[in-house]
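Residue numbers (my numbering), protein chains in the order written: chain A, 1 to 409; chain B, 1001 to 1161; chain C, 2001 to 2118; chain D, 3001 to 3169.
Be a bit skeptical, because a hint or two may be false.
[To be verified] List of simulated lysine-lysine pairs, DSS-like, C-alpha gap at most 25 Å:
no. : chain 1 : residue 1 : chain 2 : residue 2
1   : A       : Lys73     : D       : Lys3119
2   : A       : Lys77     : D       : Lys3142
3   : C       : Lys2112   : B       : Lys1150
4   : D       : Lys3168   : C       : Lys2038
5   : A       : Lys13     : D       : Lys3064
6   : D       : Lys3168   : B       : Lys1155
7   : D       : Lys3168   : A       : Lys250
8   : A       : Lys103    : D       : Lys3004
9   : C       : Lys2038   : B       : Lys1096
10  : A       : Lys364    : D       : Lys3004
11  : D       : Lys3064   : C       : Lys2037
12  : A       : Lys339    : D       : Lys3064
13  : D       : Lys3164   : B       : Lys1096
14  : D       : Lys3064   : A       : Lys364
The set of hints was computed from the structure by calculation and includes no laboratory data.
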Amino acid sequence: MPDIQEITVQDLKHLVSERAIQGETVLLNMGPQHPSTHGVLRLLLELDGETVVNCIPDIGFLHTGIEKNMEAKTYAKAEVMSDRLDYMNTVGNNLAYALAVEKLVDLDVPARAQSIRVILAELQRFASHLVWLGTSALDLAAMSMFLYCFREREYILDVMEMCSGQRMMTTYIRPGGLWRDVPVEFEAAVRDILKKFPKRIDEYEALLTRNPLMLDRTYGIGKLTGEECLNFGVTGPMLRASGIAWDLRKDRPYCGYEQYDFKVPTRAEGDVYARYLVRLEEMRQALKIVQQALDKLPLGPVRSQNRKYVPPPRSEIGVSMEALIHHFKLWTEGFAASKGAIYSAVESPRGELGVYLESDGGPKPYRIHWRTPSFDNLQSLPAMSKGVLVADLVAIIGSVDIVLGDVDR
Amino acid sequence: MGIEQKLGNLGVATTTLEQAVAWSRTNAMWPMLFGLACCAIEMMSAQAAHYDMSRFGMELMRPSPRQSDLMIVAGRVTRKMAPVLRRLYDQMPEPKWVISMGDCASCGGVFNNYAIVQGVDEVVPVDVYVAGCPPRPEALIHGVLRLYEKVQAMKFAEVKS
Amino acid sequence: MLLEYAAIAAFVLVTTLIGFIAIGLGTIFGPKRASEKKGMPYESGMDPIGPGTRRMPVRFYLIAVLFILFDIETVFFLPWALVFRQLGLFGLVEMFLFIAILLVGYFYAWKKGALEWE
Amino acid sequence: MEMKIQPILEKLEKEFGAAVSEYRGDTSLVLTGEKIVAACQRLQNLGFELLSALTAVDYWPEEKPRFHVIYQMTSISLNLVLTLRVPVPGINPSLPTISHIYRNANWRERELWDMFGIKFLGHPDLRRILMPADWEGHPLRKDYPLGYEEPQFTFNYEEINLRKPYAKE
């Protein structure tokens, strides 16, 4: 490993402004190991005292080469990697991958599986917003929020563990439906959550929304207009906080989202406070969706009957020969997808999570590219942080809600 | 410690001193705030109220290596992050330990490719490996307790000067 | 009169003693394994850029001076609180006068914008 | 194929000689490298405000158009999605940059340079973004090895232990 490279200001000449070269401004690393960068993000800050003159993000410290690794695995095995991309929204990643494969091979999904997928995706959105609220309030010195939010998150992780046996990396949503049906106590647990959580969100609102400290630190800081957002490719709550109501669940519905009525919260200011309000409102809407999906949960199979692509349930293998053959073929060689390329996008808690999937007719994805929202949302950080105090930069990073597994893939 | 080399083995004197030192080390071992990927979220859950790692002396996650005794490598270590990890390990004051949390840190885990260091023991010497992807908070706390056993079993004579 | 001062002297003596013992034991008996990498300034894992001693903007100095000013003001409260009973009304009025003068200074600094960062 | 996209496709076909193709409901246009900047400018005026994704595919054994660079466009006002594909030759692949039209293309083009070695002419700051600065080779190319290391099981524990570079103190 290269030991200590002496970096002088000269070899960063083309990045930093003139004043840095004369030594007027200070070059400081808000580096990969920093409490407020929410992961291994390195920001090279050019500081004039406390004000940020220029902020140059340097990413790649968590680049895991997932896209290359997925090309070496069959469709069923590659899905395990999709959990590790955006580790705050693991169910959402599985959903994006499953929808992409289903679109590629034109696979049908039973109604019950679609409703359960919506329930789990919205619960995961709630959990992801909880971690965002906990950590970004922690950055603004509201220590108790972190403990409250993680207390609520445990309920959701219990539900995930109940369904799939794993708290975070569930891989529960498979192409063609679900791994297996939800256990009996699933509905009671989710009803319990639906009863408890609205009051908890009111608690957070009471703590933070009218809190003068929070208002001083977040109101009017890190402003982005709608056009700037779109030009930077920013999607998700940040875009909706700048006044553009673009939500894939509403505008390009998937998985049966058009049956549920929910509001897409938008604000006009586009600053850190507006993003806070939009995400908080989204948490409430997520509960509304889960409520409606749970009330109308249809009965029936959770896996498509199309044996060419979906392995048969284990009970059938002992009985029918075809099931055994399908089971054997699908788990050893995997199914061969037809030649072609598709792009399918899902609304993750951070924005548009798209999968570009190309297949050359073989059992392995020929090329899979994950359009991850945090990668583009982070590009707007330098524009937002011009002339801002370092303390406000911390609040802005919190409001962008980046997850480094999402950024670096 | 300096005294270890001078004292060597004085029977009952050093054993009581060893127990005192071990008691002080295991009841206030501050981990470094060093979360890389998914295991960091489970580490945060372990630190939060429900599993509460502070019951075992890990009250604070110190962001700077200067004030931390334990480095929990929580997540996958990439080729670009390895020199940074080594630098942080070097900058930690002397009695320091490393827990490699999760399969990605222990052996590269699911990712066997060009970007991931296959096991963090190529970068820093590791004391305890915690398995799981991500390991449950209880598994991490079990790993911490195993580390405490290792710290308590340390004799002065063995400490190199 | 001397007795009270003896109490304060003992208090000061014991606190400095504890401070020195705590740090002294560490430096005497602790192992010194300094290495060139350990001595590097910590910059969240990366190499620091440019020289260590860099020109600090004057605003930091301004904030430091303001802090010292009002910190010493609070130090004067301590002896006043000790002899509060004996001084009676005179002590009270005197102290409020003292605070008023410093408040004038505070408002002056505030309105001149010394507290703002820009 | 949504009907609203029909007029836009005609305009583009006429103006840039693009070949339209459709697969599973996604419409995609194949363009040549020179026309991509004008096409993006045109699309942005037509209402495609968001460049959703910018990626590439490496058809390695085929040398002539070895890479396909894919521009995934989304229109929020018209609620439409369109894909542009640009074939790029294998020997020093390069394309004009569109980071002045869509600013999020800046990092995405840097990522394509880092992962595929496709140069983008006129890009303000074309450096490696994901890999370490001194990394050789472009990992996402098909001829770049996956970097698979033999995992350590019990039967081959000793041999691997010899050549595994454990960190000394």
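Checklist entry - Do the alpha carbons of lysine 3064 (chain D) and lysine 2037 (chain C) lie within 25 Å of each other, as the hint requires? => result violated (50 Å)
Checklist entry - Is it true that the CA of lysine 339 (chain A) sits at most 25 Å from the CA of lysine 3064 (chain D)? => result holds (20 Å)
Checklist entry - Does lysine 2112 (chain C) pair with lysine 1150 (chain B) here, judged by a C-alpha cut-off of 25 Å? => result Distance ~60 Å between lysine 2112 (chain C) and lysine 1150 (chain B) Cα, so the pair is violated.
Checklist entry - Hey, lysine 3168 (chain D) versus lysine 250 (chain A), does the alpha-carbon distance stay inside 25 Å? => result violated (56 Å)
Checklist entry - Between lysine 364 (chain A) and lysine 3004 (chain D), does the CA-CA distance stay at or below 25 Å? => result Violated, at about 35 Å.
Checklist entry - Can the restraint linking lysine 3164 (chain D) and lysine 1096 (chain B) be considered satisfied, given a maximum Cα separation of 25 Å? => result holds (23 Å)
Next on the checklist: Just to be careful, I want the Cα atoms of lysine 3168 (chain D) and lysine 1155 (chain B) compared with a cutoff of 25 Å; is the pair within it?
Outcome noted: holds (21 Å)
Item to check | Restraint check for lysine 3064 (chain D) with lysine 364 (chain A), where alpha carbons must lie at most 25 Å apart | outcome: holds (24 Å)
Next on the checklist: Would the hint linking lysine 103 (chain A) and lysine 3004 (chain D) be met if the CA-CA limit is 25 Å?
Outcome noted: holds (22 Å)
Next on the checklist: Can you confirm whether the C-alpha distance between lysine 3168 (chain D) and lysine 2038 (chain C) stays at or below 25 Å?
Outcome noted: Roughly 16 Å separates the two Cα atoms, so the pair holds.
Next on the checklist: Just to be careful, I want the Cα atoms of lysine 2038 (chain C) and lysine 1096 (chain B) compared with a cutoff of 25 Å; is the pair within it?
Outcome noted: With Cα atoms ~13 Å apart, lysine 2038 (chain C) and lysine 1096 (chain B) stay inside 25 Å; holds.
Next on the checklist: Just to be careful, I want the Cα atoms of lysine 13 (chain A) and lysine 3064 (chain D) compared with a cutoff of 25 Å; is the pair within it?
Outcome noted: violated (38 Å)
In this structure, the hints that do not hold are numbers 1, 3, 5, 7, 10, 11, in rising order.
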